[in-house]
Structure formats: C-alpha cells, structure tokens
Amino acid sequence: MKGVRVENTAGAENHQAVALRVQSDQAVFYQCYFDGYQDTLYTHAQRQFFRDCTVTGTIDFIFGNSQVVIQNCLILPRKPMDNQLNIITAQGRREKRSVGGTVMHNNTIEPHPDFKDSTGKIKTYLARPWKEYSRTIYIQNEIGAFIDPKGWLEWNGDFALETLFYAEVENTGPGADMSQRAKWGGIKTVTYADAQKEYTVEAFIQGEQFIPKYGVPYIPGLLPQSEAGRDH
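Residue numbers (UniProt numbering): 1 to 232.
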C-alpha cells in the first residue's frame, strides 16, 4: 500500500476504534497515514514493514503480535479524553517461543499538533504489555521530551513485568534519557551489536526477501551509531 490515508472517524469518545488491521505476510506500507485515537494500527499477524508513514493515536495505538518493523515513520501521540493517557505500543505476544514483536527503528516521536499544548498535563509512554510475553524494541529513534521519564507502563499490577521483553538501543532526543526508566525484570539491556543481529529489517522480518520488489526504500540493518536520524 502506498500513499493512502486511512482514518477511523469514531473519535476518542468511542474508545477502541481500529483504522487498519493487517494479518497478511510480507505486507509493505509506504508513505501512508493512519489516523485514529485508541487502537489505530492493528499489526495483527505475519511479517510487516512500514516506511515513511505517519501514525496518530492515544491509547495502545500500535498493537498486535505481528513481526513488524516500523521504520522512518512519524509517530504522533495526540490529545486523549480527560483522565486518559497515551501509550504508543501494546504488543501482544502470548508465548515466549512466538516470533512476534514490534521493532521501532529510526522514527520521529513527537506530539500531534492537537497535543502540543497539553503534554505537560498528560503522560505518554512508549509501551505497555498487552500479553504476557509482550516484546517491543525501540532502536535509533528521535524521542521528544514529552515521553514520561518512566518510559514503560504497567498493564495491570505486576502482570507480565518479569516475562515481557522491552529494550531501548541508541535512541536520541530528550525523551531518550533512560536514567529514570522503570526497572522491571523484563526490561533488557540490548547492545548495538545484538540489535544488529536480531532486530533489523533483514534479521527480524527477512525484509530483503520481499521489500525490494515493491521499490520501497529501506534500511536493511541499523544506521551507523553516529548517523541515527539521518533519513528522517
């Protein structure tokens, strides 16, 4: 899919409202706009790649259990309803052996225009665990200051805090400071070298087998450590 805008017009008051659900293998999305509030983009299953897209939303607005790499995209948390907060991802891996996971690579994460004046009043988090083995890795993203210093949010009490797999690798920007991050057992330290081996377009979704035939640009590995953000 290229150059398509998909919007769920239900609005925040109608709560869960998916704009796009994807469960086909080797799915590629380029220069698309996915607009919604809660549960905007449902990356349900199989291998998926998003490049140069925009995704807006509030609660769990990128969720599911596909093998997905979201690369060079604009991620825009927006203003939620009163007494709500924002969570970018809610990954849904149910079993440790499952290949599912969400890799956020070289994106720009900043507030939606409707949220810029409210970021000091409403908290925004990188992820929370929808299922027991939730797996999300943020790599070489530019993260705005509005992200809560804790970074990660509980789903319900101590559910999945020891079994999830969350990591941050070589992110930049004021919201990338990890000094006050949550310290759960499932939050891992992943090195640049480890991420290069496991959490790239080439390694995680075998993207070189299918992305080139669509003529969509992509970064097969990681950016050199000194060049993160160069392609935004």
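It is worth saying that the hints were derived from the structure and are not from the lab. One should not assume that every hint holds.
[As the list claims (entries may be wrong)] Lysine-lysine pairs mimicking DSSO-like chemistry, simulated, CA-CA at most 30 Å apart: (1) LYS150 <-> LYS96; (2) LYS213 <-> LYS188; (3) LYS96 <-> LYS188; (4) LYS2 <-> LYS116; (5) LYS123 <-> LYS188; (6) LYS116 <-> LYS183; (7) LYS197 <-> LYS183; (8) LYS197 <-> LYS123.
In this text the structure is predicted, and so the values were computed from the model without any measurement.
Each hint, compared with the structure:
For the hint pairing LYS150 with LYS96, the CA-to-CA distance comes to about 25 Å; that is within 30 Å, so the pair holds. At roughly 35 Å between alpha-carbon atoms, LYS213 and LYS188 are farther apart than 30 Å, so this suggested pair is violated. A distance of roughly 15 Å separates the Cα atoms of LYS96 and LYS188; the hinted pair therefore holds under the 30 Å criterion. About 28 Å separates the Cα atoms of LYS2 and LYS116, which keeps this hinted pair within 30 Å; it holds.
In summary, the hint linking LYS123 to LYS188 is supported, as the alpha carbons are separated by about 23 Å, within the 30 Å threshold. Proximity of LYS116 to LYS183 is assessed by CA-CA distance (about 28 Å); at most 30 Å being required, the pair is judged to hold. For the proposed pair LYS197 and LYS183, the alpha carbon gap of about 25 Å is at most 30 Å, so the pair holds. Between the alpha carbons of LYS197 and LYS123 the distance comes to roughly 33 Å, so the proposed pair goes past 30 Å and is violated.
Violated hints for the displayed structure, listed by number in ascending order: 2, 8.
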